[in-house]
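Quick note, the sequences are listed as chains D and Z, same order.
Residues in the first sequence are numbered from 174 upward in steps of one, following this note's numbering.
Residues in the second sequence are numbered from 174 upward in steps of one, following this note's numbering.
No lab work stands behind these hints: they were computed from the structure.
One or more of the hints may lead you astray.
Put simply, identical chains are the same to the list, so a pair is met inside one copy or across any two.
What the hints assert, rightly or not - Derived DMTMM-like pairs: lysine to aspartate or glutamate, alpha-carbon spacing no greater than 25 Å straight-line: (1) LYS176 x GLU388; (2) LYS209 x GLU335; (3) LYS413 x ASP244; (4) LYS176 x ASP222; (5) LYS413 x ASP239.
Number of protein chains: 2
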Amino acid sequence: MRKLLLIGIGVGDPDFVTQQAINALNRVDVFFLIDKGDVKNELIAVRRDICQRFIAGDGYRFVTIDEPLRDREAAGYEAAVQDWLDRRAALFEEAIGTELGPEDTGAFLVWGDPTLYDGTIRIIDALVARAKMPFEHEVIPGISAIQVLVARHRLPLNRIGEPIHITTGRRLADGLPDGFDNVVVMLDAGFAAGQLPDADQIDVYWGAYLGTASEVLISGRLSEVAEEIGRRKRQLRADKGWIMDTYLLRRT
Amino acid sequence: MRKLLLIGIGVGDPDFVTQQAINALNRVDVFFLIDKGDVKNELIAVRRDICQRFIAGDGYRFVTIDEPLRDREAAGYEAAVQDWLDRRAALFEEAIGTELGPEDTGAFLVWGDPTLYDGTIRIIDALVARAKMPFEHEVIPGISAIQVLVARHRLPLNRIGEPIHITTGRRLADGLPDGFDNVVVMLDAGFAAGQLPDADQIDVYWGAYLGTASEVLISGRLSEVAEEIGRRKRQLRADKGWIMDTYLLRRT
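Kindly produce the complete structure, drawing on both the sequences and the hints.
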């Protein structure tokens, strides 16, 4: 039967791959790469570099799947994402059906961890639900941006016995959830924390391009560094054409 | 200057170590192991196994630090943990001062990820604050139990755009936080989810001894599997003498 591996490759630094991921890489016949356009070609280069470094021999090949465009201006966020995931699933099904032989192993190399704010597992579940093509699949965890963020800042994610809340920039725009003292923010297009009240009672630990040579870290009292983070983020995005960042907010 | 590395080794399976961790292991002169008594000697065996497998040569040694007893019956949970951490820090300072030469590199091999519900970073911060002994330190992320849990269940941790809440069994006893649909529970001595209302509207994905040969996974509607999980957990703990488990709750 066809096999699909969802391999978490960590963020940025090829050294974040696990031994389990290396073993998995060496079982793969076809790597499916997703082409998100010029600006993120750097992320594809990291994937090719990982294969070259950690795979013995050259018995594998790459197949590129074009990323469908997503309507980021649509009114219904969840509906727009769902529509985009459906179109993506159809493209993936076609690529897998065409490129992967019935006994072959294919893989997606997922930035960070496949279980955290990534759509690949959902695509695979959609393929399973369509049931047009039988396959087995396996998920291989990878080091996430959150882990690299706090490791670089040399921080525990939680204080003793405290809960941790992981949310999106979109949701943070409605304010810090009540009673939660450790909040990690992902997928923030701007810097939503800059609008929070009580910024003099919140510490922020921010990181961009984590794990890469372009990594930037800023930390401090939110009231003191929010403007710097916002400015820096706009400037980095302008310079590089894209940005990936995340941050931890902690009530003092 | 002395160097201390806090190396996340993942959970259970030595294959969870990252290439970064392997590089770090090979720089270490002294590994500090924490002896938590007979029942957890299995966890020490995994650490020794990792060193043997991934370190070239034998230019390293192990130093065992006895774990101070913790008063688990104390009224103030946070104060009791703090007192225990203080005694632990004093023991660590002594061991490091005695065993690590001024140019040496020492390491703690941390189960899972050093930033997630683990006390080692706090101990190191306490040593930095005491300022009796200068050293540099570095945190190396590892695959956490949460990641292995959802990878084994082949689940995304969050549904589209939803937040994720990570909490403790102690806090879950007060009920599921309002409006949060994805809750991961750590450090649950019993199975606090068994007491939740609306169990017929919650799915649970549970895992014990994740990443080890003894791994157990159970999932289903909470109302249907809560009793089984509770019973299985009591039985496994009785058989093995200890248990490590975690679970994801998801509102349907």
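| task | Go through the numbered hints given earlier and state which of them the structure violates, listing their numbers in rising order. | result | none
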